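Asker: Sequence:
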Amino acid sequence: MHAETPYEITPTTRYGDPYYRPASTRQPVILPAEIPPGVDWVTLPGGVRTLAYTQPPPAPQVPVSSAQPIPAWAKTTALLAPTVGGGIAAAGIGLSYAAPGLIAMSHALWSAAALVVAAVIAVPVLIRTARRTTGSGSRSAGSTHITQNITATGLFGRANGTINHH
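Numbering of the sequence shown is given in the working numbering, commencing with residue 76 and proceeding in unit increments.
Think of the hints as simulated: they come from the structure by calculation, not from any bench. A quick note: this is a predicted structure, and the numbers were derived from the prediction, not measured. Where is the CB? At the ideal position from N, CA and C, for every residue including glycine. All the given hints hold, so there is nothing to weed out.
Computed beta-carbon distance windows for the label pairs:
{"id": "1", "residue 1": "T152", "residue 2": "P111", "range": "56 to 64 Å"}
{"id": "2", "residue 1": "S141", "residue 2": "L170", "range": "44 to 52 Å"}
{"id": "3", "residue 1": "P138", "residue 2": "G161", "range": "35 to 43 Å"}
{"id": "4", "residue 1": "P133", "residue 2": "G160", "range": "43 to 51 Å"}
{"id": "5", "residue 1": "V200", "residue 2": "G162", "range": "46 to 54 Å"}
{"id": "6", "residue 1": "P111", "residue 2": "V137", "range": "27 to 35 Å"}
{"id": "7", "residue 1": "T209", "residue 2": "A174", "range": "48 to 56 Å"}
{"id": "8", "residue 1": "A174", "residue 2": "R207", "range": "47 to 55 Å"}
{"id": "9", "residue 1": "L177", "residue 2": "L230", "range": "51 to 59 Å"}
{"id": "10", "residue 1": "G236", "residue 2": "W185", "range": "45 to 53 Å"}
{"id": "11", "residue 1": "A174", "residue 2": "S141", "range": "48 to 56 Å"}
{"id": "12", "residue 1": "A142", "residue 2": "V114", "range": "38 to 46 Å"}
Given the sequences, and given the hints that come with them, work out the whole structure.
Answerer: In structure tokens:
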């Protein structure tokens, strides 16, 4: 690589004054609109104003927060979501396959319920009809009729009763 020779820049001075400028030197006039970007007026420590390249101010640093651990409930929910969704999907598929059987079972249950209701109504009617035809339901001389009368006074009163044989 090529090493550059450092040069020391020293302004011409008169009588040791570093900020002396001869009167014959005329500075060019630059309008503010003609100043290129990245160049600005600066004031040197001796009070002289001049144009200089400036660095843009650094962008403010956004504080970087450390990564927060994921809560356990979030992990659990994230793991359960596909499982629950898969279970619902499997149940839907199973119900679609089982639909004809479920329809047949519901018809069978309605038929069974109708049979039970018919039996509850028909059996006593048949028994009553059978007793009338055989004569066992009517009072004959050999049958006994028992009447029981029970009376009680008050809520917790003692009960008295009579039994009559006819």
